[in-house]
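Trainee: One letter stands for each residue in the lines below.
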Amino acid sequence: MTTATPSAPTNKLGYTKQDYVGSKSTLCAGCGHDAITAQIIGAAFESSLEGHRVTKYSGIGCSSKTPAYFINQGWGFNSVHGRMPAIATGASLANRQLINIGVSGDGDSMSIGMGQFVHAVRRNIPMIYIIEDNGVYGLTKGQFSATADKGSHLKSGAVNDLPPIDPCTLAIELGCGFVARCFSGNPKQLNAILKAAFAYQGTVVLDIISPCVTFNNHDASTRSYKHVKDHDFPLHDLGFIQYSEVEEVEIAAGETEVVTFPDGSKVAIKAIHESYDPTDRFGAMKAIHESMEKGEFLTGLLYINPTQPPLPQVLNLVDEPLASLGEDVLKPSPEVLNDIMKSLM
Amino acid sequence: MTASLAAPSHASGAKTRINDFSIQVATVNGSGSQTANTVLLRAIFQMGVFVSGKNLFPSNIAGLPTWFTIRASAKGYVARKASNEMLILMNAETAKEDIAKADTGALVIYDEPLQLDKLREDLAYVPVPFQKLVTASCPEPKLHKLVKNMIYVGVAARLLGVDMDEVKKAITKQLKGKAKAIEINQAAAVAGYDWAMENLPEQDHIRVVRDHKTEGLIIVDGNEACALGALFAGVTVVGWYPITPASSLVETFIEYADEYRKDPKTGKSTVAIVQMEDELASAGVVLAAGWAGARSMTSTAGPGVSLMSEFIGLGYYVEAPGVFFNVARTGPSTGLPTRTQQSDVELCAKCSHGDTQHINLYPGTMEECFQFAYDAFDLAERFQTPIFVVTDLDLGMQNWSSKPFAYPAKPYDRGKVLDQQQLAEVKDWGRYKDVDGDGICYRSLPGTPGGNGSYFTRGSGHNEYAQYSEKPEDYVAVVDRLKRKYETAKAHVPGPVFRNLGSDKGILAFGSSDPAVIEAQDILSEGGLKTDYLRLRALPFTAEVDAFVKEKKVVYLVEQNRDGQMANIFRETYPEHASKFKSVLHYNGHAIDARCIVDQITTFEQK
Ligand SMILES: Cc1ncc(C[n+]2csc(CCOP(=O)(O)OP(=O)(O)O)c2C)c(N)n1
Ligand code: SF4
Ligand SMILES: [Mg+2]
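Which chain is which? The protein sequence lines are A and B, in order.
Per this note's numbering, the first sequence starts with residue 1, numbered consecutively.
Per this note's numbering, the second sequence starts with residue 346, numbered consecutively.
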């Protein structure tokens, strides 16, 4: 462990925030993706993640470059366009002890990688699946993506005639047990959601609206900082309380709803806007659809159900990482081969 | 019964073919004929006679024509034989065409109402009243359609001189423990046998005579052999997507894993098997699992390899291990999905965009399917790269007799992986640094504690320290090292097998062509043309392959595709010898036979 400055605060593991940074970002100044990276670093530090257990996966895009910019202590895998979920699936099966963070873009996940997104969510891969959603293909210089709102304009003036695909309602439909929408310009909310996400067992889908300052931040865009700020409707004040063996935290009753994770961690949800129940799947769908029709971004924890078993549990895998099993466990004996040969005679 | 079983040609004094003939059975798929055919094959095998079976099936679940050929050979030739001495015609739709194609003198067993006996005069006919026999032998009308086929097994057994006890044993074996099914099927076979006993004269056209050639041998298909190789190699992550003829490899593995890959105490599984949404995802799972330290595999065919190819390039460039079985079928496109071909030689050799070269293993026997599957996992981890094990439908799905597999005693080679302590001790570690000069670098596995091993894997340009780089010298250093790594592999892949009769004329083949080449070599030799045969077993080419190519005046390169794909690789690798390679090709979807090799080589020789 390294210490940045003698006075820097440390977390439960004795690490400073500096221990969770990555390489220097090469994205455009002001890109929403960098704000998300900063929140991942902060939340990982506050959650005292063991850096060596962190794996970071991505596809291709500006967003997919960002795993290089956080948690250098972890292993990164920047793969091919739209295929991050398969990489997360393979690695998370190989080693159940990894903390899997996947970063993708709206192009990476909602077009070329739609099949893999859908099936990873359906399988409940233990991972945080972040979509850094700017409504465009940043890296290929600003073409529309499939999350672009109908009627939104490119800088060139081109208009999008097709309806958007919404990752959040799709994820809820697919049975995802942790679905949230955030805005890269609302660090407090993002921080609480990321911390809750780190404690969650299965697939977390985070659609984070993340303006592309270079290609989609103009007045006619529905993904510009200004537009999103004006239309952001945070649903609630969130508090995340990580499970601790020493202190059991009491949450005051009243307006606050508490969801408890299997490990004992808790999310306290205090509604700001009308009563929104994030444990009600159909109610959540309805509220999201209604808000979309009004052109609002409902942000916060849209849906939560922490009971679904993640894939390694469904497959009934041994607790030890498959990657560390040795020949003594894996290779059947000569007697077994002999029996098999006899059965084929 | 009036039929004379002496066919015209035979009546003129031909010798009885003892333990040396082919039978072709024409049925409708989905009718349960596969069980009957396997029983007949097994019964002959149990008589101690070398036998091989080829199922020519349609891409359809039920209702289309299927042919199954069984070849018995005292000399041990197990390739498909183009001519058949016995036909069993159960399919009304194809019967006329089957008769038209029959070889002169063939014995034709057929369903009586088909009335085939007027079609040709040079065949010997055995009409069998199947419906009558099945009604009498099987009390349950529901099952008539299924057990009807077992009646021809009884008739054929009687005509060939196969012991009924062997037929019964084979039925018991085939229907593993299903007592009622065994009873019904045995009754049907006996009914056929008894009927033939009473109604048919002896024939001396083809006979089975008890021998001892198959004692201690097993019957297996290549997919099962590969599945067993993977089981013993300790595969821990399998991502796959169904496709003929590759599905049964994973499906058989699943059956074995259920039994042998459960923790005895907890009942928990030591292997993760996931049927993915497609082959792209399967390839990603395999490579990422390999990257994270698991032994991983998938099984697919040509269309699947095409879909995987972007990922395979990633695996090659970032150096992630994984085993890719390609059980090839007849392409391009859907092609003939249930027929065999060595269709993907070039695809697997260079799969993906950019400069890529892959280690390929070409098993040619069942023992090699087992052993190479086992070795592939060592090679994948040693060379940190995707490994192709290339078979085809003929090897993968047909029945082959084989010596039992030897236990793979060689310990696993997990390759150059640094653990926590080594990472703490190593100075200036770089993921892509060629410390040993063999092109193979040291890797670390995600999750290793200690804070020293982490690195960033990327399919974009990188330097020795796995950092992003677009510098020309960094790029060239990596791809040149990958080429060195491929050179290193020459000393690690299985070398060729020779069958030299003493000649400066060479035959070169690989995979499922082997039995046909051996037979062809003998036929050519009897006709005065001696050849030396090299059976290639891997890419890259080893030193013995170099020497063979240099020594021989001519190399007949036998392969089962239209374009001479392997010949292309040879011409590219040995440009100064390019004119030596003469392609001997077979690509109609059927397994290659000796005759077509003999004919093509003879034609070349006459030029
Ligand atoms: C197979 C393939 N097709 C196309 C591309 C080109 N490409 C690179 S990034 C990208 C779009 C990325 O968009 P998004 O995921 O939204 O990321 P952003 O840059 O907006 O963060 C495309 C089409 C590619 N890399 N691979
Ligand atoms: S192009 Fe857009 S998405 Fe890409 S780095 Fe620049 S601002 Fe971010
Ligand atoms: Mg985008």
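The set of hints was computed from the structure by calculation and includes no laboratory data.
One thing to keep in mind: the hints can contain errors.
[Said to hold, decoys possible] Keeping only pairs whose Cα atoms sit at most 30 Å apart, straight-line, the calculated DSSO-like set for lysine-lysine is: (1) B:K755 <-> B:K835; (2) B:K518 <-> B:K748; (3) A:K24 <-> B:K835; (4) A:K266 <-> A:K226; (5) B:K420 <-> A:K342; (6) A:K342 <-> B:K755; (7) A:K342 <-> B:K477; (8) B:K514 <-> B:K525; (9) A:K270 <-> A:K342; (10) B:K558 <-> B:K748; (11) A:K24 <-> B:K525; (12) B:K513 <-> B:K523; (13) B:K761 <-> B:K828; (14) B:K772 <-> A:K17; (15) B:K778 <-> A:K342; (16) A:K342 <-> B:K521; (17) A:K342 <-> B:K835; (18) B:K463 <-> B:K420; (19) B:K761 <-> A:K342; (20) A:K342 <-> B:K513; (21) B:K828 <-> A:K342; (22) B:K518 <-> B:K558; (23) B:K523 <-> B:K477; (24) B:K610 <-> A:K342; (25) B:K772 <-> A:K342; (26) A:K342 <-> B:K748; (27) B:K610 <-> A:K141; (28) A:K24 <-> B:K477; (29) A:K342 <-> B:K952.
Trainee: Hint by hint, say whether it matches the structure.
Mentor: Against the structure, the hints come out as follows:
1. B:K755 <-> B:K835: holds, 19 Å
2. B:K518 <-> B:K748: At roughly 19 Å apart (the allowed maximum being 30 Å), K748 of chain B and K518 of chain B satisfy the hint.
3. A:K24 <-> B:K835: violated, 41 Å
4. A:K266 <-> A:K226: Since the Cα atoms of K266 of chain A and K226 of chain A sit roughly 33 Å apart, the hinted pair is violated (cutoff 30 Å).
5. B:K420 <-> A:K342: Within the cut-off at roughly 25 Å; holds.
6. A:K342 <-> B:K755: holds, 22 Å
7. A:K342 <-> B:K477: Violated, at about 38 Å.
8. B:K514 <-> B:K525: holds, 15 Å
9. A:K270 <-> A:K342: Not OK: K270 of chain A and K342 of chain A at ~67 Å, beyond 30 Å, violated.
10. B:K558 <-> B:K748: holds, 11 Å
11. A:K24 <-> B:K525: Since the Cα atoms of K24 of chain A and K525 of chain B sit roughly 72 Å apart, the hinted pair is violated (cutoff 30 Å).
12. B:K513 <-> B:K523: The hint holds at about 13 Å.
13. B:K761 <-> B:K828: Holds: K761 of chain B and K828 of chain B sit about 18 Å apart, inside 30 Å.
14. B:K772 <-> A:K17: holds, 27 Å
15. B:K778 <-> A:K342: Measuring from Cα to Cα gives roughly 48 Å; hence the hint is violated.
16. A:K342 <-> B:K521: It holds: about 13 Å lies between the C-alpha atoms, which stays within 30 Å.
17. A:K342 <-> B:K835: Roughly 36 Å between the alpha carbons, so the hint for K342 of chain A and K835 of chain B is violated.
18. B:K463 <-> B:K420: With a Cα-Cα distance of about 36 Å, the restraint between K463 of chain B and K420 of chain B is violated, given a limit of 30 Å.
19. B:K761 <-> A:K342: violated, 37 Å
20. A:K342 <-> B:K513: Holds - the C-alpha atoms of K513 of chain B and K342 of chain A are around 18 Å apart, at most 30 Å.
21. B:K828 <-> A:K342: Measuring from Cα to Cα gives roughly 44 Å; hence the hint is violated.
22. B:K518 <-> B:K558: holds, 20 Å
23. B:K523 <-> B:K477: holds, 26 Å
24. B:K610 <-> A:K342: This hinted pair holds, its Cα atoms lying about 27 Å apart.
25. B:K772 <-> A:K342: Violated, because 52 Å separates the two Cα atoms, which is more than 30 Å.
26. A:K342 <-> B:K748: holds, 11 Å
27. B:K610 <-> A:K141: violated, 56 Å
28. A:K24 <-> B:K477: violated, 84 Å
29. A:K342 <-> B:K952: violated, 51 Å
Going down the numbered hints, you'll see the structure goes against 3, 4, 7, 9, 11, 15, 17, 18, 19, 21, 25, 27, 28 and 29, while the others check out.
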